[in-house]
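Undergrad: Spelled out from the first residue to the last, the chains are:
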Amino acid sequence: GAVVSQHPSRVICKSGTSVKIECRSLDFQATTMFWYRQFPKQSLMLMATSNEGSKATYEQGVEKDKFLINHASLTLSTLTVTSAHPEDSSFYICSARDPGGTLNTEAFFGQGTRLTVV
Amino acid sequence: KQEVTQIPAALSVPEGENLVLNCSFTDSAIYNLQWFRQDPGKGLTSLLLIQSSQREQTSGRLNASLDKSSGRSTLYIAASQPGDSATYLCSYSRNSGNTPLVFGKGTRLSVIA
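Keeping their order, the protein sequence lines are chains V and P. Mapped onto this note's numbering, the consecutive letters of the first sequence carry residue numbers 1 to 118. Mapped onto this note's numbering, the consecutive letters of the second sequence carry residue numbers 119 to 231.
Hints in this document: simulated from the structure, not taken from any laboratory. We put the CB at the ideal spot given by N, CA and C, even for glycine.
Pairs of lysine-lysine residues, derived as BS3-like cross-links and limited to a Cα-Cα distance of at most 25 angstroms, are as follows: (1) P:Lys160 <-> V:Lys14; (2) P:Lys160 <-> P:Lys223; (3) V:Lys64 <-> V:Lys20; (4) V:Lys64 <-> V:Lys14; (5) P:Lys223 <-> V:Lys41; (6) V:Lys41 <-> P:Lys160; (7) V:Lys55 <-> V:Lys20; (8) V:Lys66 <-> V:Lys55; (9) P:Lys160 <-> V:Lys20; (10) V:Lys41 <-> V:Lys66.
From the derived model, a few chain V residues whose C-beta atoms are all more than 10 angstroms from chain P: (11) Pro8; (12) Gly16; (13) Leu26; (14) Lys55; (15) Thr82.
Pairwise CB distance ranges (calculated): (16) P:Thr176 <-> V:Asn70: 36 to 42 angstroms; (17) P:Ser187 <-> V:Ser5: 37 to 43 angstroms; (18) V:Ala72 <-> P:Asp145: 30 to 36 angstroms; (19) P:Ala128 <-> V:Leu74: 38 to 44 angstroms.
Using the sequences and the accompanying hints, generate a full structural model.
TA: Printed below as a string of structure tokens:
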């Protein structure tokens with residue numbers, strides 16, 4: 001299947017600093033990528049839809065100025081958590097579909113990023 | 119409101135047992151349903167994808183069914199093994215095209231050797 005790579009897998013940062021998470025589609029081009037957040041023992045919750053060449057679409061309750069999304073190319077979307085606080089500690093994971101593949105309705109996920117803000 | 123409910127929340131079985139994980143959803147406009155496996159602290163591995171027009175999909179020891187009219191899906195695991203221990207997530211997408219997934223909270227499975 002298609003491969004989505006996410007980096008870093010783990011990051012620990014101090015409160016008030018910013019953290020950038022990268023999501024890459026390795027063997028296909030993705031005009032749209034999705035960013036989810038998962039708290040312990042909870043569902044994955046959609047944060048935002050990242051659109052190549054245009055502004056991201058944020059879900060209700062997600063601060064766009066805090067979670068900056070950039071989708072500058074067809075294979076890379078980045079999520080920057082700005083001025084991180086301990087309550088931002090969570091598991092962040094990205095997803096994309098391969099629109100040109102035979103499995104064009106199957107969603108593929110990155111490995112996820114465990115963010116801990118201390 | 120789009121909701122996905124997975125029952126049970128946790129399950130512990132001895133090795134070799136056949137088991138069924140249940141998923142129900144309230145949205146009637148699903149386009150497809152996808153089951154994932156998630157190991158602790160890891161990303162999601164796609165297991166099976168069922169289109170709304172299909173009733174089941176099989177891959178090895180896994181079989182997933184879909185009853186769109188009743189809003190239910192099941193994941194059947196045959197001859198369970200300790201390596202099957204993980205959290206199993208049920209999700210669906212609405213409409214066609216590039217839409218996000220709606221997830222359940224998952225079923226945490228432990229297979230005891």
